[in-house]
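Add chains B, C and D to chain A, keeping to what the hints say.
Listed below are the residues making up each chain.
Protein chains: 4
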Amino acid sequence: MVRVSVVGAHGRMGGNVVKAVEGAKDMELSVTVDAGDGLDAITPENTDVAVDFTVPSATLDNVLSLVSHGVSVVVGTTGWTDDKLDQVREAVGKHPGTSVFIAPNFAISAVLADYFSTIAAKYFESAEVIEMHHPNKVDAPSGTAIHTAKGIAEARREAGLGSIPDDTKSDGGSRGQLVDGVHVHAVRLRGLNAHEEVLFGNAGEQLVIRADSFDRSSFMPGVLLAVRKLSSGKYQGLTVGLNNFLDL
Amino acid sequence: MVRVSVVGAHGRMGGNVVKAVEGAKDMELSVTVDAGDGLDAITPENTDVAVDFTVPSATLDNVLSLVSHGVSVVVGTTGWTDDKLDQVREAVGKHPGTSVFIAPNFAISAVLADYFSTIAAKYFESAEVIEMHHPNKVDAPSGTAIHTAKGIAEARREAGLGSIPDDTKSDGGSRGQLVDGVHVHAVRLRGLNAHEEVLFGNAGEQLVIRADSFDRSSFMPGVLLAVRKLSSGKYQGLTVGLNNFLDL
Amino acid sequence: MVRVSVVGAHGRMGGNVVKAVEGAKDMELSVTVDAGDGLDAITPENTDVAVDFTVPSATLDNVLSLVSHGVSVVVGTTGWTDDKLDQVREAVGKHPGTSVFIAPNFAISAVLADYFSTIAAKYFESAEVIEMHHPNKVDAPSGTAIHTAKGIAEARREAGLGSIPDDTKSDGGSRGQLVDGVHVHAVRLRGLNAHEEVLFGNAGEQLVIRADSFDRSSFMPGVLLAVRKLSSGKYQGLTVGLNNFLDL
Amino acid sequence: MVRVSVVGAHGRMGGNVVKAVEGAKDMELSVTVDAGDGLDAITPENTDVAVDFTVPSATLDNVLSLVSHGVSVVVGTTGWTDDKLDQVREAVGKHPGTSVFIAPNFAISAVLADYFSTIAAKYFESAEVIEMHHPNKVDAPSGTAIHTAKGIAEARREAGLGSIPDDTKSDGGSRGQLVDGVHVHAVRLRGLNAHEEVLFGNAGEQLVIRADSFDRSSFMPGVLLAVRKLSSGKYQGLTVGLNNFLDL
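Going down the list, the sequences are from chains A, B, C and D.
Here the first sequence is numbered in UniProt numbering, starting from 1 and rising by one per residue.
Here the second sequence is numbered in UniProt numbering, starting from 1 and rising by one per residue.
Here the third sequence is numbered in UniProt numbering, starting from 1 and rising by one per residue.
Here the fourth sequence is numbered in UniProt numbering, starting from 1 and rising by one per residue.
Isolated chain A (complex conformation) (with noise of 0.2 angstroms):
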């Protein structure tokens, strides 16, 4: 049995975190923490897997408490840039047995249409994103949609593709956001939750790769896989994306 701990455990993603643990028959559920609660009740002597859905600000301080600690985590709060990256693989570093796994996104079907983007890129002409959710979103476009341009991107430059065509010459603003060259627009629309739409154009043929995460529910999947690859122990420091632990 895989101990598993929540950090964030009254959160929303949270709260569907210690469910899903409580329904795997190979986990079981040890210590819960929230906002306010300390991490000192996470321990290694209780915990296999600690998973972290907490929010930006305080994640990073998480995660550096609990690995000094000598537990491994898993992280689904967002907001990570490439200094904390750092910080978290220095850390990692310096406490061998420990592991740390970032995800931006854990719905198997938006890695996977990620992924697939980065294949496909190569072999057609145009490439466009649009990427829908929820009207309460704040910023825009997601991460997922930059992520998946920027894949794009740079599978075109390795193609030895050049730009893609566009004879626009005046647009309003509703060409959407220039990523890396790909043009990415974003919906807003109440009954959505989160949703990609990858085009690709050649002459007379389209390629599309959607994702739909219809509710929270969807993330669990990949939250407990993720949490079973660290508690294998195969995986050393940190690894970022849940593409590394599908078989792709």
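Worth double-checking, as some hints may not be accurate.
If several chains are the same, the list does not tell them apart, and a pair holds so long as it fits within one copy or across any two.
Claimed, not checked - Below are the DMTMM-like pairs computed for lysine to aspartate or glutamate, each with C-alpha atoms no more than 20 angstroms apart in a straight line: (1) Lys94 <-> Asp171; (2) Lys234 <-> Glu90; (3) Lys234 <-> Asp247; (4) Lys19 <-> Glu158; (5) Lys94 <-> Asp37.
I should point out that these hints are in silico values taken from the structure, not numbers from a laboratory.
This is chains B, C and D only, laid out in the frame that chain A set:
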């Protein structure tokens, strides 16, 4: 038999009209002219309805000339302003028996999508418009998308709906162009022709209306319908929009 | 304040209705009953409108009992036949002042998709229906898809359209079920809830109308609308279909 | 310059190949033949690669004849069985220096959709295939859809996934055709050409992969790619499937 003359017969759309008229059992092709030809060959004696698919800089003069000679006209050329439409209205008023029909879009799917959007708009909290075209189109968003967005905005006002919910704080341009309070996005992709998707959302539900025009043949049923309507003599003056000729 | 009682209050839909009524500013929750409780507690003295979300085997008796006691009813339970509807009509006719509303689908997106399909059907050579649901649904295709297909077929007949073109010689069942000459396909997929997509095609163009009901919350605006309509006293007798309460 | 001869040059696909070869800077058109012409004009002296787009009843003889004369062949004609493929393999084996490439689908979007489906299939509880074509197609479902469904089924078996969940008790044919345990649906709609949509679902999420082939021009990049690959001399014997020529 309805006798049809075509202005701009050598253009891509005009060429399609020539073929469509030749293929229609109730029509016969009369005169075809193109840039530089002059319009004198088209007279009430040989033409029931003329069809103009030329360029924005020529179409107003074409229509005024044809009407002054007593010939009714179906116009598919774009670029019409309120002022130009007024000139046509005035000219038609002076020549009883003539009528003019101008449509920004002859595809029945697009006309219905536009019409359905004005109905649906009253019942949903959110609405956005995405139009998709080939990358050689120079303007964005399409005139059809702007028309749809304005129709949605007007229907929302009449229904007493407030502004569309959107908590976005920063978007880098990804949220597209605001047309009368409705976000409009324009995609340009090789392989596509002319497409529009309208999204409506309430808590827990979404309605999507999508019109695809895969090639120019999609406009011909609408053109022939307009020719038949004008030749029937039932329509006087200037009519704008194919929706007026559908039984909606 | 409209006083609302709920029959089947412990069921999943009934529970949602209880919450929706409690959340509506112009309504107050009166009596809630469930299987085994009997309906005597619901009277005209404490209830303006009762809402029944029970099971097909119970709903007719519930409605007849409530009406006989002078209570109007909004019914979301499925399984209604013409014969059962006639019994309700007769009962309501004997108890002036009562009215009954029965809807096969309370999602506004689904009702509009169905309505738009009857309009579009007249203008397209081809039409097909695809419904998509979660894999625990036991019947296929959905009642909504059958209703949509029949509406399309009727509109085509009225418009004098012949049969839908189809040169298929062998299909191994892949062409789906013919409902009144319209092909209907049913998809069952984990993660989906209740969705319908209607495709219309002419040479060179396509119109797609899609309704997505992501969860039960999508039905509540329709239920509350029906409650308000019945409580207004403007509707007499039996009304079937939410389209009657929309301004279409 | 790669010298290309075309068999079936007057057919619709063959005519497109002729144009595509003429438009390719690294190719020159050599001999074109059609039904009744015989193949003797095509020799290793004037042809590096022949392209066959004829009919199922003629293509095997064409390929065997060309190979026996020492000419490599790219084949786009359908109707190949295991037995026929074996005959080609045997013939190519007897004529060193020749190679044959046969593809059921030359559209890159379709080939990628098929390939991505085999990867995604391992990670989802549910999967279904919907193919959509013009109504003049006589067989259903398409060979591509069958291939995709079989690939999904095989990937699920390898991943140890059980059968796809489906509680349907009665469906009147709406659930489509079972291909190796995967439901396949075929839509026929005027205005469409050749399209495939593959749906994958887990609790709370969906992945959709869609390939649209709007017209025959979509096949030409794949045909030219195959011609280049065979002319490179790197491929020996019989190769089946464009995926072998993509860098996947």
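If any of the earlier hints don't hold here, list their numbers in rising order. 1, 4, 5
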